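Participant: Can you make the complete structure from the sequences, with help from the hints?
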Amino acid sequence: MLKDWLGHHHGHHDSLVHRLPAAGKLWAALAIIVGSVLVPWGWHAWFIGVSALLLLVAGLSRVGLWFLLRRLLLLSPFVLGVVLVNALQAAVPGAWLALAARSAICLFTVVLLSNTTPFGKVLAALRSARVPALLVTTLALMHRYLFVLLDESERMRRARASRTFERQRRMRWHLLGTVVGQLFVRASERAERIYAAMCARGWK
Amino acid sequence: MSGAIAIAGLRYRYHDGTEALRGVSFQIALGECVGLLGPNGSGKSTLLLHLNGILPDKIADGGAVRIAGEAITATNLESIRRQVGLLFQDPDDQLFCATVEEDVAFGPQQLGLRGEALVTRVEHALGMVGLAGYGHRATHHLSHGEKRRVCLAGVLACEPTVLVLDEPTSDLDPRGRREFKALLQGIPATKLIATHDLEWVVELCSRVIVLDRGVVVADGPTVEVLNDEALMLAHGLERPHSLRHHHPH
Amino acid sequence: MHIPDGFLDGKTAITAAALSTVGVGVALRQVRRELPPRRIPLLGLAAAFLFAAQMVNFPVAGGTSGHLVGGVLVAALLGPSAAIVVLTAVLVVQCFLFADGGLSALGANLFNMGILGAGGGYLVFRLVGSRLRGLRGQVTGVAFGGWISTVLASIGCAGQLAWSHTVPWSAGFPMMASVHMVIGIGEGLIGALAFLAVQRTRPDLVAERQPTSTGVLPGGMVRYGLLAALGLAVFVAPFACPWPDGLEAVAAKLGFDAQATSSVVHAPVAGYRWPGIHSAAGATALAGALGTMVVFGLALLLGHLLVRKPTQEPTKAATKEPPC
Chain S
1 MLKDWLGHHH GHHDSLVHRL PAAGKLWAAL AIIVGSVLVP WGWHAWFIGV
51 SALLLLVAGL SRVGLWFLLR RLLLLSPFVL GVVLVNALQA AVPGAWLALA
101 ARSAICLFTV VLLSNTTPFG KVLAALRSAR VPALLVTTLA LMHRYLFVLL
151 DESERMRRAR ASRTFERQRR MRWHLLGTVV GQLFVRASER AERIYAAMCA
201 RGWK
Chain B
1 MSGAIAIAGL RYRYHDGTEA LRGVSFQIAL GECVGLLGPN GSGKSTLLLH
51 LNGILPDKIA DGGAVRIAGE AITATNLESI RRQVGLLFQD PDDQLFCATV
101 EEDVAFGPQQ LGLRGEALVT RVEHALGMVG LAGYGHRATH HLSHGEKRRV
151 CLAGVLACEP TVLVLDEPTS DLDPRGRREF KALLQGIPAT KLIATHDLEW
201 VVELCSRVIV LDRGVVVADG PTVEVLNDEA LMLAHGLERP HSLRHHHPH
Chain G
1 MHIPDGFLDG KTAITAAALS TVGVGVALRQ VRRELPPRRI PLLGLAAAFL
51 FAAQMVNFPV AGGTSGHLVG GVLVAALLGP SAAIVVLTAV LVVQCFLFAD
101 GGLSALGANL FNMGILGAGG GYLVFRLVGS RLRGLRGQVT GVAFGGWIST
151 VLASIGCAGQ LAWSHTVPWS AGFPMMASVH MVIGIGEGLI GALAFLAVQR
201 TRPDLVAERQ PTSTGVLPGG MVRYGLLAAL GLAVFVAPFA CPWPDGLEAV
251 AAKLGFDAQA TSSVVHAPVA GYRWPGIHSA AGATALAGAL GTMVVFGLAL
301 LLGHLLVRKP TQEPTKAATK EPPC
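Chains S, B and G, in that order, give the protein sequences. For the first sequence, position 15 (counting from the first letter as 1) is numbered 15 according to our numbering, and the numbering increases by one without interruption. For the second sequence, position 54 (counting from the first letter as 1) is numbered 54 according to our numbering, and the numbering increases by one without interruption. For the third sequence, position 115 (counting from the first letter as 1) is numbered 115 according to our numbering, and the numbering increases by one without interruption.
Certain hints may be false.
Okay, derived cross-link-like pairs now, SDA-like style, lysine to any residue, Cα gap no bigger than 20 angstroms in a straight line [as the list claims (entries may be wrong)]:
| hint | chain 1 | residue 1 | chain 2 | residue 2 |
| --- | --- | --- | --- | --- |
| 1 | B | Lys-58 | S | Trp-203 |
| 2 | S | Lys-204 | G | Pro-37 |
| 3 | S | Lys-25 | S | Lys-121 |
| 4 | B | Lys-58 | B | Pro-39 |
| 5 | S | Lys-25 | G | Phe-98 |
| 6 | S | Lys-204 | B | His-196 |
| 7 | B | Lys-181 | B | Ser-170 |
| 8 | S | Lys-204 | G | Glu-34 |
| 9 | S | Lys-204 | B | Pro-56 |
| 10 | S | Lys-204 | B | Glu-102 |
| 11 | G | Lys-11 | S | Pro-40 |
| 12 | S | Lys-204 | G | Leu-35 |
| 13 | S | Lys-121 | G | Gln-94 |
| 14 | B | Lys-58 | B | Leu-77 |
| 15 | B | Lys-58 | S | Cys-199 |
| 16 | S | Lys-204 | B | Arg-82 |
| 17 | B | Lys-181 | B | Val-202 |
| 18 | B | Lys-58 | G | Arg-39 |
| 19 | G | Lys-11 | S | Leu-30 |
| 20 | B | Lys-181 | B | Glu-146 |
| 21 | S | Lys-204 | B | Lys-58 |
| 22 | S | Lys-204 | B | Arg-114 |
| 23 | S | Lys-25 | S | Gly-64 |
| 24 | S | Lys-204 | B | Thr-73 |
| 25 | S | Lys-121 | B | Arg-114 |
| 26 | S | Lys-204 | G | Arg-29 |
| 27 | S | Lys-204 | B | Lys-181 |
| 28 | S | Lys-204 | G | Arg-32 |
| 29 | G | Lys-11 | S | Gly-64 |
| 30 | S | Lys-121 | B | His-140 |
Residues from chain S shown here face chain G by an in silico Cβ test under 10 angstroms; the list is partial [as the list claims (entries may be wrong)]:
| hint | residue |
| --- | --- |
| 31 | Leu-88 |
| 32 | Ile-105 |
| 33 | Cys-106 |
| 34 | Ser-153 |
| 35 | Val-185 |
Source of the hints: derived by calculation from the structure; they are not laboratory data. Computed from a predicted model, the values in this text were never measured in an experiment. Glycine included, every Cβ here is placed at the ideal spot set by N, Cα and C.
Facilitator: Below you can see the structure in the form of structure tokens.
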């Protein structure tokens with residue numbers, strides 16, 4: 001699931017694309033996405049051009065093309081459902097193709113962007129774009145401790161599985177509640193310790 | 001009172017009323033390396049948090065804790081924290097930045113350093129802990145020993161005169177322990193180290209303070225205190241093996 | 001329920017983004033005002049927590065996997081403004097790192113799950129908590145509020161998809177609403193259980209600022225309510241309400257031609273016909289109303305089962321001090 005995919009980030013590798021400034025990449029990605037959403041389907045030139053550009057950048061980035069394309073196929077039931085309904089119900093036949101194409105292009109753009117830009121650089125770009133500091137700090141801390149918390153929840157799961165003697169692949173409801181509650185308590189206690197550590201090094 | 005650290009009659013209660021510290025007093029001279037021992041629940045971590053003003057939540061002007069003769073008050077916290085570097089037990093709590101250089105730079109940045117001076121300070125600190133060139137590494141991907149060393153670098157980058165460490169070897173492998181000991185021995189600051197690692201204390205500290213249930217029950221030269229088997233066992237500790245075949249000086 | 005890029009057209013995405021930007025702005029200002037400095041890192045950690053908690057999947061009837069959004073839980077624990085900031089961080093990271101939810105749809109997703117969902121759910125939590133005293137009231141509130149938040153979010157989503165002509169309301173609303181009325185049960189249940197677990201182990205973590213009287217809502221709630229109402233008016237009302245002919249003509253002139261695909265019956269109040277026979281949308285709305293009452297009953301039952309004494313004060317468990 002997503003958890004396995006978490007490990008595959010290529011943000012820290014090196015290539016021509018990786019070395020481009022993060023702010024520029026962000027703006028470019030935004031332009032491609034906004035454009036692909038707004039531009040009428042009839043303007044084939046845009047879509048062909050953008051697709052070509054993306055493939056070129058993907059090639060230069062040395063992130064596996066197969067990896068990128070595979071990511072496109074990880075569709076949620078919600079997405080599939082919408083495309084299906086659109087195909088069945090829309091007034092214009094074939095409109096679902098436009099839908100799928102737009103989505104795919106934008107998805108590819110984001111996946112490419114995130115795999116060629118370390119998150120820290122993205123945050124720095126947001127900071128210079130004057131996104132409120134509180135939000136950027138929250139994003140930074142979230143990113144930093146995401147894996148720590150995931151590790152903790154994995155340890156909790158393993159400990160629980162070690163004491164579960166019946167074969168059950170789904171967690172019982174009351175256990176879920178306890179797990180989630182525990183996770184929050186641990187996250188909060190860690191937040192308190194982090195605050196102490198920040199103060200210890202002079203944070204005001 | 002003089003000396004690097006001076007504590008007189010320190011008391012502290014938790015929010016639910018239980019007393020954590022019930023009148024702790026001791027002095028540590030400049031340059032000393034002192035071990036703080038005690039069973040779990042004795043109040044060691046709580047005591048350490050008083051040394052840079054994180055506890056109590058509201059600092060009264062009572063002045064139970066003095067650093068280099070200056071009492072900790074609500075107004076001089078900044079200068080106190082510049083002098084006292086605290087290393088926390090869990091390196092993940094302390095390594096809250098995404099990359100090594102960002103984290104080591106955090107302290108000096110708060111102190112006002114910028115640009116070239118900041119970069120030099122960070123590199124120097126990383127060099128001191130043997131992690132030169134680690135600047136761009138992501139903090140999450142470091143090994144435990146590396147994380148601890150980055151934490152130490154982050155504290156050293158603030159150039160403290162007093163170094164306070166909470167269980168620094170609790171999850172290090174034997175090589176990590178040896179390397180960390182060598183690192184600490186090379187740092188001239190006054191050191192107070194809370195630890196369970198009795199063998200390590202014998203190697204590193206000239207003096208130990210034993211804390212139990214919020215009071216100091218022993219304070220003296222390491223070998224003398226640790227050789228007192230009855231005392232050790234009475235306070236949830238034990239006589240380290242290395243001393244059993246040793247003749248006390 | 002994360003809407004990807006391309007599913008919403010320009011006007012929908014921009015409108016939603018505008019509403020969300022205002023909402024996040026309000027939330028940030030409120031948080032800066034309300035949250036003590038020692039809780040600032042908690043925002044980031046709560047976001048990480050929410051993400052980790054969302055990874056805990058639970059199966060929903062039919063094989064699709066629902067998951068906890070957690071907005072109401074965080075709102076009950078930290079306040080609605082903090083919850084909105086936390087949800088913003090979660091959605092941004094999900095969008096950027098995992099391509100879960102589109103960049104252009106960020107505003108819409110945040111509006112649905114944050115302002116409409118968490119905001120609406122939190123309001124319900126407070127209302128229930130003010131009527132039913134003590135811990136039982138709070139637990140019931142989190143349960144019912146969590147369910148409401150899921151359903152509200154799905155309605156907002158359906159409205160946005162309809163306004164973008166991606167999925168007509170007559171198909172979207174019944175499907176989204178019915179699926180999420182089921183998923184919402186899990187959200188409410190887990191939220192309530194988790195809230196109770198936190199209250200029992202570390203009651204001091206539940207934000208101290210909870211006044212129990214209804215009269216005093218946390219700052220910002222009125223503005224979130226306005227934003228939610230505005231969003232509903234734009235995204236949902238055109239489809240859900242039977243419009244008198246005159247207004248419909250105006251709407252057609254302005255481009256709201258969604259009525260062409262919807263089959264809601266226009267009827268004057270006097271001759272109101274049972275909509276269930278004529279449109280799936282109407283039938284869903286009716287089922288929704290009934291379902292809401294049933295779920296509220298279930299939430300009350302849950303409260304009774306989990307909290308034995310109705311006015312039980314949260315136990316003053318020892319605040320965790322650093323272990324030594």
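Participant: Next step is simple, just say for each hint if it's right about the structure.
Facilitator: Taking the hints in turn, this is what the structure says about them:
Note on Lys-58 of chain B and Trp-203 of chain S: the hinted pairing holds, with a Cα-Cα distance of about 17 angstroms set against a maximum of 20 angstroms. Distance restraint check for Lys-204 of chain S and Pro-37 of chain G: the Cα-Cα separation of roughly 9 angstroms lies within the 20 angstroms cut-off, and the hinted pair is therefore satisfied. The suggested pairing of Lys-25 of chain S with Lys-121 of chain S holds, with an alpha-carbon distance near 11 angstroms, which does not exceed 20 angstroms. Annotation: proposed proximity of Lys-58 of chain B to Pro-39 of chain B is violated, straight-line Cα distance about 27 angstroms (limit 20 angstroms).
At most 20 angstroms may separate the alpha-carbon atoms for a hinted pair to count; Lys-25 of chain S and Phe-98 of chain G meet this at roughly 17 angstroms. Restraint check: the Cα-Cα separation between Lys-204 of chain S and His-196 of chain B comes to about 33 angstroms, which exceeds 20 angstroms; the hinted pair is violated. Taking the CA atoms of Lys-181 of chain B and Ser-170 of chain B, the gap is near 13 angstroms; set against the 20 angstroms cutoff, the hint holds. Our distance criterion of 20 angstroms between C-alpha atoms is met by Lys-204 of chain S and Glu-34 of chain G, whose separation comes to about 17 angstroms.
For a cut-off of 20 angstroms, the pair hint linking Lys-204 of chain S to Pro-56 of chain B stands: about 17 angstroms separates their Cα positions. For the given pair, Lys-204 of chain S sits about 17 angstroms from Glu-102 of chain B by alpha-carbon distance, which is consistent with the 20 angstroms threshold. A C-alpha spacing of about 13 angstroms is found between Lys-11 of chain G and Pro-40 of chain S, which places the hinted pair at or below 20 angstroms, so the restraint holds. Distance restraint check for Lys-204 of chain S and Leu-35 of chain G: the Cα-Cα separation of roughly 15 angstroms lies within the 20 angstroms cut-off, and the hinted pair is therefore satisfied.
Straight-line distance between C-alpha atoms of Lys-121 of chain S and Gln-94 of chain G comes to about 17 angstroms, which keeps the hinted pair within the 20 angstroms bound. Between Lys-58 of chain B and Leu-77 of chain B the CA atoms are separated by roughly 12 angstroms; this keeps the pair inside 20 angstroms, and the hint holds. Restraint check: the Cα-Cα separation between Lys-58 of chain B and Cys-199 of chain S comes to about 14 angstroms, which is no more than 20 angstroms; the hinted pair holds. Taking the CA atoms of Lys-204 of chain S and Arg-82 of chain B, the gap is about 13 angstroms. The hint holds against a cut of 20 angstroms.
Annotation: proposed proximity of Lys-181 of chain B to Val-202 of chain B holds, straight-line Cα distance about 11 angstroms (limit 20 angstroms). Taking the CA atoms of Lys-58 of chain B and Arg-39 of chain G, the gap is near 17 angstroms; set against the 20 angstroms cutoff, the hint holds. This hinted pair checks out: Lys-11 of chain G and Leu-30 of chain S have alpha carbons roughly 17 angstroms apart, not beyond 20 angstroms. Pair hint Lys-181 of chain B plus Glu-146 of chain B holds up; C-alpha atoms about 14 angstroms apart against a cutoff of 20 angstroms.
A distance of roughly 16 angstroms separates the Cα atoms of Lys-204 of chain S and Lys-58 of chain B; the hinted pair therefore holds under the 20 angstroms criterion. About 17 angstroms separates the Cα atoms of Lys-204 of chain S and Arg-114 of chain B, which keeps this hinted pair within 20 angstroms; it holds. Between the alpha carbons of Lys-25 of chain S and Gly-64 of chain S the distance comes to roughly 19 angstroms, so the proposed pair stays at or under 20 angstroms and holds. For the given pair, Lys-204 of chain S sits about 16 angstroms from Thr-73 of chain B by alpha-carbon distance, which is consistent with the 20 angstroms threshold.
Distance check on the hinted pair: Lys-121 of chain S and Arg-114 of chain B sit about 19 angstroms apart at the alpha-carbon level, within 20 angstroms; holds. Proposed proximity of Lys-204 of chain S and Arg-29 of chain G is supported: the alpha carbons are some 19 angstroms apart, at most 20 angstroms. Of the supplied pair hints, the one linking Lys-204 of chain S and Lys-181 of chain B is violated, its CA atoms being roughly 32 angstroms apart against a limit of 20 angstroms. The suggested pairing of Lys-204 of chain S with Arg-32 of chain G holds, with an alpha-carbon distance near 14 angstroms, which does not exceed 20 angstroms.
Proximity of Lys-11 of chain G to Gly-64 of chain S is assessed by CA-CA distance (about 36 angstroms); at most 20 angstroms being required, the pair is judged violated. Restraint check for Lys-121 of chain S and His-140 of chain B: the C-alpha separation of about 16 angstroms stays at or below 20 angstroms, so the hint holds. Residue-level restraint check for Leu-88 of chain S holds (minimum Cβ-Cβ distance to chain G is 8 angstroms; threshold 10 angstroms). Here the hint on Ile-105 of chain S is kept, as its CB sits about 8 angstroms from the closest CB of chain G, short of 10 angstroms.
A least Cβ separation of about 3 angstroms between Cys-106 of chain S and chain G falls short of the 10 angstroms threshold, and the interface hint therefore holds. Here the hint on Ser-153 of chain S is kept, as its CB sits about 5 angstroms from the closest CB of chain G, short of 10 angstroms. About 5 angstroms separates the beta-carbon of Val-185 of chain S from the nearest beta-carbon of chain G, less than 10 angstroms, and the hint is met.
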